[in-house]
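Between the sequences and the hints, there should be enough to build the whole structure, so can you do that?
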Amino acid sequence: MTSLITDREAETGMRLNIRAIAAIYRFEMARTWRTPLQSIVSPVLSTALYFIVFGGAIGSRMQAVDGVPYGAFIVPGLIMMSLLTQSIANASFAIYFPKFTGTIYELLSAPVAWWEAVIGYVGAAASKSMLLGLIILLTAAFFVPLRIEHPAMMLLFLVLTATTFSLFGFIIGIWADGFEKLQVIPLLIVTPLAFLGGSFYSIAMLPSFWQKVTLFNPVVYLISGFRWSFYSLADVSLGVSLGMTIFFLALCIGIVGWIFKTGYRLKN
Amino acid sequence: MAPMLMTSTSPIISVSGLSKTYSTGFSALKSVDLEIRRGEIFALLGPNGAGKTTLISIICGLVRPSSGTVLADGYDIIRDYRAARSTIGLVPQELTTDAFETVWSTVSFSRGLFGKPKNPALIEQLLKDLSLWDKKDTQIRRLSGGMKRRVLIAKALAHEPRILFLDEPTAGVDVELRQDMWQMVRRLKQTGVTIILTTHYIEEAEEMADRIGVISKGEIILVEEKTELMRKLGKKQLSLQLQQPIEALPAALAAFDLSLSQAGDEIVYTYDTQAERTGITTLLQGLAEAGIRFRDLSTSQSSLEDIFVSLVHAGDKERA
Chain A
1266 MTSLITDREA
1276 ETGMRLNIRA
1286 IAAIYRFEMA
1296 RTWRTPLQSI
1306 VSPVLSTALY
1316 FIVFGGAIGS
1326 RMQAVDGVPY
1336 GAFIVPGLIM
1346 MSLLTQSIAN
1356 ASFAIYFPKF
1366 TGTIYELLSA
1376 PVAWWEAVIG
1386 YVGAAASKSM
1396 LLGLIILLTA
1406 AFFVPLRIEH
1416 PAMMLLFLVL
1426 TATTFSLFGF
1436 IIGIWADGFE
1446 KLQVIPLLIV
1456 TPLAFLGGSF
1466 YSIAMLPSFW
1476 QKVTLFNPVV
1486 YLISGFRWSF
1496 YSLADVSLGV
1506 SLGMTIFFLA
1516 LCIGIVGWIF
1526 KTGYRLKN
Chain B
421 MAPMLMTSTS
431 PIISVSGLSK
441 TYSTGFSALK
451 SVDLEIRRGE
461 IFALLGPNGA
471 GKTTLISIIC
481 GLVRPSSGTV
491 LADGYDIIRD
501 YRAARSTIGL
511 VPQELTTDAF
521 ETVWSTVSFS
531 RGLFGKPKNP
541 ALIEQLLKDL
551 SLWDKKDTQI
561 RRLSGGMKRR
571 VLIAKALAHE
581 PRILFLDEPT
591 AGVDVELRQD
601 MWQMVRRLKQ
611 TGVTIILTTH
621 YIEEAEEMAD
631 RIGVISKGEI
641 ILVEEKTELM
651 RKLGKKQLSL
661 QLQQPIEALP
671 AALAAFDLSL
681 SQAGDEIVYT
691 YDTQAERTGI
701 TTLLQGLAEA
711 GIRFRDLSTS
721 QSSLEDIFVS
731 LVHAGDKERA
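Chains A and B, in that order, are what the protein sequence lines are. Sequential numbering from 1266 applies to the first sequence in our numbering. Sequential numbering from 421 applies to the second sequence in our numbering.
Hints are computed from structural coordinates only; laboratory data are not their basis. From a predicted model like this one, the values you see are computed outputs, not experimental measurements. Glycine included, every Cβ here is placed at the ideal spot set by N, Cα and C. Be aware that one or more of the hints could be misleading.
[Said to hold, decoys possible] Part of the chain A face toward chain B, derived, beta carbon under 10 Å:
1. A1285
2. A1288
3. F1292
4. A1295
5. R1326
6. I1369
7. E1371
8. K1532
Next up, the structure:
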């Protein structure tokens, strides 16, 4: 009888299912380690190719940007680009696949709050892309002269961006009802925004009309802030960058909250 | 906040006024009321599309009810969803498993997901009970369909639920697994776990269940003790194999519901087990007086399947 009472106390007393968060997080990280070539080596290699081409080969013929050699100038933008694409890819696949195979039934039937599931999935996706970002940073150090003037801000941008875009990927994964939809937004929207967000150039290099248009691109703020943490160079002020990044984060949290409240594409 | 300690007589699941209309306008459940008793094996019978899976899915949290309430061991499945879901284990109908996880890790994952501390000894025992122990480090995709079904059962039991839902547990399952599964269900029942299974294989319900509910077109049309159901609705037949074929039934026995086989060597008497008198003695006396002698006799009782078919059809006629 006593065990029954403690059971009931444990059940009603469960305010935070930390074990579920840990289980989801470990499950997702295990998926990464199972496929190291696809998860880690391939994105690092494809980014390293940019350093070799733009840093080593072409970079020597390019003008330095505000005193920063071109090869070094593009590093923050490249890291941001892989952070965006990898965060989205990780998180969207993580939630889409259980939906596709049907294994999501277990998550929906478990005593797990929606935000706990999000912490598990998004936390794992963000951890993985941050790890990638750091590996790419280390790789870059072999090819181009790097300096990081504000390491704490750099880490903050890394965490904020990885989290925001993992959330965004999570939303895409829930919205997608086919593999094509899973690819459409990353390929057709995020990749162009990342390329046009100032990964390879300073906005100041654009004609004045395009300088204004480009401010509608959210990626501009991420790259600008991140680059500032390296070289104290920014297209828009640090405060605006940080503010916009936090705004996107809040927006994504809001949408994910709405998804779980309404059961959108998860429950009938 | 916390519901009172449940007494052993209170229902472990209590469904009231539960309706579900899907966005397509399809009404899968129409104000269902149902109580499941603590520790019983309850079989929910019904044809495909009757609402069995919808009912289970709502109780387990996979589908939102349109209206009505469900209490699982006293906990409201929506307001106290954590407590309610902690008590429930679900084995889904489809073989939905991860592909690349090992058996051990997927079952351990389930326990964690339900917020229970690690317990390798318990999982070891579970895998041994389900004949999965030698497969514990095998990736699930390398398992046969039957083995995957066992994995799903292990996952559902990993958090030691007090209520176990088995949705069509033996669909496409071989005899050996079916036997293993029923043994396991009986063991679980002994430890006090309540088991609710859906099936359209009536032999299963007949063999396993304490009580049977019949659902048809989103309505529970009957809930009854299995033995009571069999007794109430069961018709019995007495077959008499005659020593000598006869041409016609004696007129003196016209009051009995008799039929004579074409060859004239067998008489079948259909009678109601519910009736005060079955009339067997009188019939046999009448036969003896008419000089009809028989060499053998047998009785048979209608199966749940017959009962079920007649129930569902009776409902159809009423609605028509």
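Query - Numbers of the earlier hints that this structure fails to satisfy, in rising order - result: Violated hint (a single one): 5; every other hint is consistent with the structure.
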